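A.B. asks: Sequence:
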Amino acid sequence: LLLHISKIINKEIKSNIVYEDEQILAFEDINPQAPIHILIIPKKEIKTINDIESDDINIIGSLFLVAKNIAKEKKIDKDG
5 LLLHISKIIN
15 KEIKSNIVYE
25 DEQILAFEDI
35 NPQAPIHILI
45 IPKKEIKTIN
55 DIESDDINII
65 GSLFLVAKNI
75 AKEKKIDKDG
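Sequential numbering of the sequence shown, starting at 5, is according to our numbering.
Calculated directly from the structure, the hints in this document are not laboratory data.
Treat the hints with care, as some may be off.
To be verified - Pair by pair, the computed Cβ-Cβ distance ranges are:
#1 K82 to E49: 15 to 23 Å
#2 Q37 to D59: 30 to 38 Å
#3 D81 to P36: 12 to 20 Å
#4 I80 to N54: 24 to 32 Å
#5 N54 to S10: 18 to 26 Å
#6 D33 to I53: 17 to 25 Å
#7 E16 to D81: 27 to 35 Å
#8 P39 to K72: 17 to 25 Å
#9 S58 to K79: 29 to 37 Å
Computed from a predicted model, the values in this text were never measured in an experiment.
Backbone N, C-alpha and C define an ideal beta-carbon position, used for all residues, glycine too.
Build out the structure end to end from the sequences listed, making use of the hints.
C.D. replies: What follows is the structure, encoded as structure tokens:
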């Protein structure tokens with residue numbers, strides 16, 4: 005799975021990108037489990053929650069802001 009994520013980040017695997025900046029990538033799941041299913045990941049490899057370091061605070065906060073903004077854009081912020 006991590007190999008595929010790296011390839012998506014490096015644009016080696018085609019994906020439908022919904023949002024991208026220097027730290028975050030959001031793309032549609034190729035096997036969606038809901039009508040709108042978007043994966044939002046940091047571009048920095050953080051394997052588990054136990055691997056988050058104090059210098060990752062901005063990335064982690066950005067993940068939540070990106071999720072909020074995408075939900076609003078997709079009109080699922082109230083019920084999704």
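A.B. asks: It remains to establish, for every hint, whether it holds in the given structure.
C.D. replies: Checked hints:
Against the hinted window of 15 to 23 Å, the Cβ-Cβ separation of K82 and E49 comes to about 33 Å, which falls outside the hint. Checked against the given bound of 30 to 38 Å, the beta carbons of Q37 and D59, roughly 33 Å apart, stay inside it. One distance hint, 12 to 20 Å for the beta-carbon pair D81 and P36, holds here, with the actual separation near 18 Å. Roughly 30 Å separates the CB atoms of I80 and N54, a value that falls within the hinted 24 to 32 Å.
Range check, N54 to S10: about 20 Å between beta-carbon atoms, so the 18 to 26 Å window is met. At roughly 20 Å, the beta-carbon separation of D33 and I53 lies within the given 17 to 25 Å, and the hint holds. Under the hint 27 to 35 Å, the C-beta atoms of E16 and D81, about 32 Å apart, fit the expected range. Distance hint check for P39 and K72: the Cβ-Cβ separation is about 19 Å, which falls inside the suggested range of 17 to 25 Å.
Taking the beta carbon of each, S58 and K79 are about 36 Å apart, inside 29 to 37 Å as hinted.
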